[in-house]
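**Student:** With the hints as your guide, set chain B onto chain A.
Number of protein chains: 2
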Amino acid sequence: MAYELFDWPTIQGRGEFVRLALEEAAAAYTDVARHDLGAMMGLLEDPALARPSFAAPFLRDGEVLIGQSAAILFYLGPRLGLVPEREADRFWIHQIQLTIADMVSEAHDTHHPIAIGLAYEEQKTEALRRAGHFRRDRIPEFFAWFEHILARNGGRHLVGEAITYADLSLFQLVDGLLCAFPMATAAALADNPGLRALHESVRQRPRIAAYLVSLRRLPFNEQGIFRRYPELDG
Amino acid sequence: MAYELFDWPTIQGRGEFVRLALEEAAAAYTDVARHDLGAMMGLLEDPALARPSFAAPFLRDGEVLIGQSAAILFYLGPRLGLVPEREADRFWIHQIQLTIADMVSEAHDTHHPIAIGLAYEEQKTEALRRAGHFRRDRIPEFFAWFEHILARNGGRHLVGEAITYADLSLFQLVDGLLCAFPMATAAALADNPGLRALHESVRQRPRIAAYLVSLRRLPFNEQGIFRRYPELDG
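Chains as they are written, first to last, in my numbering: chain A, 1 to 234; chain B, 1 to 234.
Simulated from the structure, these hints should not be mistaken for laboratory data. Mixed in with the good hints there might be a few duds.
A partial selection of chain B residues facing chain A, derived with a Cβ cut-off under 10 Å [stated by the list, open to error]: (1) Leu37; (2) Ala39; (3) Leu43; (4) Pro47; (5) Ala50; (6) Ser53; (7) Ile72; (8) Pro113; (9) Thr125; (10) Asp137; (11) His148.
With the Cβ distance kept under 10 Å, some of the chain A side facing chain B (calculated, not the full set) [to be verified]: (12) Ala115; (13) Phe134; (14) His148.
The following label-pair restraints were derived from C-beta to C-beta distances [said to hold, decoys possible]: (15) B:Gly81 to A:Ala119: 19 to 27 Å; (16) B:Asp137 to A:Lys124: 31 to 39 Å; (17) A:Met183 to B:Glu85: 48 to 56 Å; (18) A:Glu121 to B:Thr125: 13 to 21 Å; (19) B:Lys124 to A:Ala144: 24 to 32 Å.
Glycine included, C-beta positions come from ideal geometry on N, C-alpha and C.
Looking at chain A on its own, in the form it has when it is part of the complex:
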């Protein structure tokens, strides 16, 4: 049976990290909310559901319903052939994924430093200040760590000899940052050539390249995590 992915239908969102894994594995899946938002809202709000997710995205695999993008990927990794066999490797990949997720949250909060319930325009002053620190301090710190662990693994992949979902997620993080902070990210990639090469090599993988030009790949926009507000790029 096809996996069912549930995420907000008009943005890439955190579901994009899951989508890239499903696409790379050529797995059968349905992006449910894109044609039936009510089905997703029902699962988020159904008071009879014993194990609802706090938020989208979440995945249904037959009887299993699982939320939190990093947990979804930990679950899918072995099923999609996107992790090695050893338990220690799988935990290391998960640890990397959670660190990617931390940076995703920080990137999000550059345009929403005060409250997710407010519009960007209502917190723009604070956003300008937060984005400056993010560009100057956090992008270099996170990128240096990614560069280091890439280099220590030989440079082609984050873990082991083959692609894992962490490589795909790191591609998405860099891609989003290139959209949101093109100048700051290009400068940081110049200092971290291994990371730049990984972003490029994932982008050129046949299934990923085909996905990126398909209608299933929504463009970055000003509702999602990674938003292009030129004033935040300094």
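**Tutor:** Structure of chain B alone, referenced to chain A:
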């Protein structure tokens, strides 16, 4: 061999979620950085280390080095007898843990909405604004979800019939919020009696109660995640 936990030595930090699990299981462990901070800094900064953590806390179990508190607990859960057997249950507990971690990050950012590299006093104006939204919107939203999943499982535990590390972590989250936002948290607990009862029942577990009055339990302070700044409680 004893587990070795590495975390900042003067605060509870995110290591506290791991510490509570180790204490409840009466596991042998060393809180390394409390007597040897250099050992922790060495592991964070050693350029020869192939799999360094981006940040503390992390855990060493023989050959395995693992960071990110939620990943550490996913790893320790079966080893400490703090999760059921079924894979679906273990993923559900992990999903809850990641949602707890999301709320922990939001609680942290109430006093650091702009940059972790700045002092609270340098971002106090923004903190006042963020804390207001956190109190009014986010505490009720997260608490309602915890209350719902507790009730759907019978009220005594989050998952299954016995204590899991998610119950311990939820205790710690509520405990930290009671320190940081005593008025707002008390009001929210009055609306969510199951959550209040869980906090109390974990606090009274013999090993947890003994731990909480031991010297190993550091007090909340103004360097940690949960800080008592009265002005942020409205």
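**Student:** Check each numbered hint from earlier against the structure, then list the numbers of those it violates in ascending order.
**Tutor:** 1, 2, 3, 15 and 16
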